[in-house]
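Using the supplied hints, reconstruct the complex from the two chains, each of which is provided in its own coordinate frame.
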Amino acid sequence: MGVPLLNASGCLDALAAPDVAKTLDVFVTKTITPLPREGNPPVRIAETEHGMLNSIGLQGPGIDAFVSEHLPRLAELGVELWVSVGGFSADDYELCCERLDREERVSVIELNLSCPNVEEAPEAAAQLVAAARATTDKPLYAKLSPAQWDVAAAARAVVDAGADGLSLVNTIRGLALDAVSLRPRLARAVGGYSGPALKPIALACVHVCATTVDVPIVGMGGVASGLDALELVAVGASAVALGTVLFADPLAAERIRAEIDAEARARGLADPADVRSAFVVQPENMLQMRKNSNA
Amino acid sequence: MRHEKLRVMANEPIGPYRLVRLGRSRLEPGTPGQFFMLEAPGRPLPRPFSLCVAPPGELGFLVDPIGPGTVAIAALEPGEEIAATGPLGHGFDLDVERPLLVGGGIGIAPFPYLSEQLGAPRALLGFRTAHHAQAAALVPNAEVVLDPTLVTDALPDEPGDVLACGPEPMLDALERIVPDAQLAREAPMACGYGACYGCVVPVNGGYKRLCLEGPVLRTGPS
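Respectively, the protein sequence lines represent chains C and F.
Counting from 1, one number per residue, gives the positions in the first sequence under my numbering.
Counting from 1, one number per residue, gives the positions in the second sequence under my numbering.
Mixed in with the good hints there might be a few duds.
[As the list claims (entries may be wrong)] No more than 25 angstroms apart at the CA atoms, straight line, and that leaves these computed lysine to any residue pairs for SDA-like:
no., chain 1, residue 1, chain 2, residue 2
1, F, Lys-208, C, Pro-139
2, C, Lys-199, F, Lys-208
3, F, Lys-5, C, Ser-225
4, F, Lys-208, C, Val-67
5, F, Lys-208, C, Asp-64
6, F, Lys-208, C, Leu-15
7, C, Lys-199, C, Ser-181
8, C, Lys-22, C, Pro-139
Simulated from the structure, these hints should not be mistaken for lab results.
None of the values given here were measured: they were computed from a predicted structure.
For reference, chain F alone in the conformation it holds in the complex (with noise of 0.2 angstroms):
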């Protein structure tokens, strides 16, 4: 774990998010899924976020401003500097024969760099409005569908290895579907390296710090 300050390099607009992309310093990107705490200016707490992409000297990371936190972070200009810290907990494993990625919304989010890893693998991604499914353009091999669509209406009858991240209900219907889906899953977090107690998810039978967990779990949530 490193805590540098990075210099914001670029910040673009995909549809209804943004691409902040950050000087790397000594950081290094990490595994797929695993995530950064990027400071929130003006905010308490930093917000977690898994790499988006990883360009030489870069880091990047797809932002939905829905908050106080996401906002500021949305709002940074090239040459401002914010505090980062990671990469943080356990990525996606990526020993994998059959990869099938499967998204939703901003949960898309670390499918760029992992798709790279692997190869540009399939992918199904859902969103809500053909504005948010701007995002897939990131993703190569993507197949999209928009609400009402759910992507588990559209998940192929042998998905393979799928590796998944979007929201709690997607999540939970895959894992019922597919049950040794790796799934990266998101909590409220304070700190991000199991200081605060805060992101627990319930782990068979028993509260587990999703920052030292996960946040990729392939039991999942009992």
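Pulled out of the complex, with its shape left as it was, chain C reads as follows (with noise of 0.2 angstroms):
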């Protein structure tokens, strides 16, 4: 019953902010390398007029001292956890896992195989699935970019490889110039966009995904309210995470629920994970990608 609320990874520090973590269903951590890392040289967020760029670059403690650490008092909250694990080669994704196996307090583990602000790891994302799926027993959500053509292409390689769920998605790569030097407001440049604009990418994402593989799927992308949640819903989302909107609203996710409720409720929905049956397609109108065709 109901639409899980999750936060995005990387928008919320449930140490820092144990409050407003508790409103959550799922506490999603910031992506844990193997290695600590000091991320990226400020400046490293600059708001645009419909959203928000940033450039972060996976700060972190390093998967010992996330281990050693954190997790500990992150159990103490008694919200579920989902770890995030990120990474620049397969041997990376697998050391984290391979550490996290053996930690009873995470249920999921989230592989960030998309990451705007980081080099990417050489290997497919299906190859660094696959390596960490053989680390590993618990369920595994790989999180993919909207910033490929064919993004259900992805979604059937990453669960052939051994995804139990997808996280729909990350943010997209963007750039925002100063008004008056034209230079780039942030330090790297180029940052990760997310907000308000990027939820028609999401949407789009997760209904593509919906269609082409049958795996639990976790929406998000400028999710503001309960309509946005229930959107992502109605095209193939069973939970809903929050991102850019903590920022501004950190208790946005009581709001979000009451919201979710009742707009299924005016919709005469019991349940508001019934309103998947509202979004239909015709078949032969449906955007088709490569899984029909490889021609």
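Structure, rendered in structure tokens:
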């Protein structure tokens, strides 16, 4: 029943704001890498007309300090815990997942396969998932970038490689200039674009993936209201994550949960999850991705 | 940390700035130098403001309308409501024997409340123009210098316990002259409560979130 609400990885520090984490059904950590990382130089944040850019660059304590220092404190919050892991090679993903496999307090590992602010691993997403899969029995969610022509094909590949679910979508690369100097506003120029502008992109990604693979999808991207969340459920998400909205409204989850229920009731639905049936595209009109034709 | 909708009680011009006074609701004023995230109507992100004045039942913020967010906040009218989160971060350490407030431009924003809490100590304030310097009227016992004179030019030989807020070059210069000064820093900030990691400053060789470690820092960026 209902639509579980998570935070998008990197959009909440549960130890700095435990009261906010407790408003969620699941807390997802910031992406953890094998070694500690300082992250990118400031300026790291730039607001735009319809969203924001970030260039954090996976600042974090590294897997050892995370497991020994952060994890015990996160477990005390009493909120289901997902850990996001990232890296720069298949070995990095293997190392983190192997380490987390022993941790009972971690219910799901989310594989960040798409950080827009660091160098990509040379392996394809499916190879990274396969490497992680070999090290753990925990459910693996693959977080994909919306910045690929055929995200449904990527979804098929990571599910075939062993992913149990999808997190859709990560931020998409963007750039903002200072209006006077015309210099980039972020120190590294390009950053990850999030906020309201991402919503139609997220809806399209969830839609084409939900019609391609049969795994749970956490939908995210520009969700700021219950209606936004319900739209993601309508196109195939089974849970919804909040990102940029938490920056402006730390208590957004409570409001959005109430709005989801109200929006569902207004449509005569006992369970908001039933809204899936409202979204109908005639099969012959559906955007067919490469799943049906490799020609 | 609390998050509430606050009603605009008044919005007054002070030189080129606006003093926007909000009803407190259940928000506490906190320690001088702490800050609040204020909703910028029509913009995706809120903006950080240190508390300027704290009359009974109100929280007042000095706003310099320089970008789309601050322009939107400066244009608020009495009766309108905006969301506010706070108080956030670490403010000034008020356990000082010979306080001297040193500020520049919009950086004087936390001083009226700070001055009240410290019993109206001496203040040294620098502004670009006489028009900007009208804001000095909010701070008792203030000596004002105007550009091109800098506050560091006018600093007494024995400045005492310096509590400062202002542009980065001013704070960096002060830190060289008065290494143990308390400096209220500023950084672009999305959330104000440690969630986004956007507002980091270099501290002791690593990046620290200014919203949690500061905004008032004693060691200063390295």
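Which of the listed hints are not met by the structure? The structure conflicts with hints 1, 2 and 7, although it agrees with all the remaining ones.
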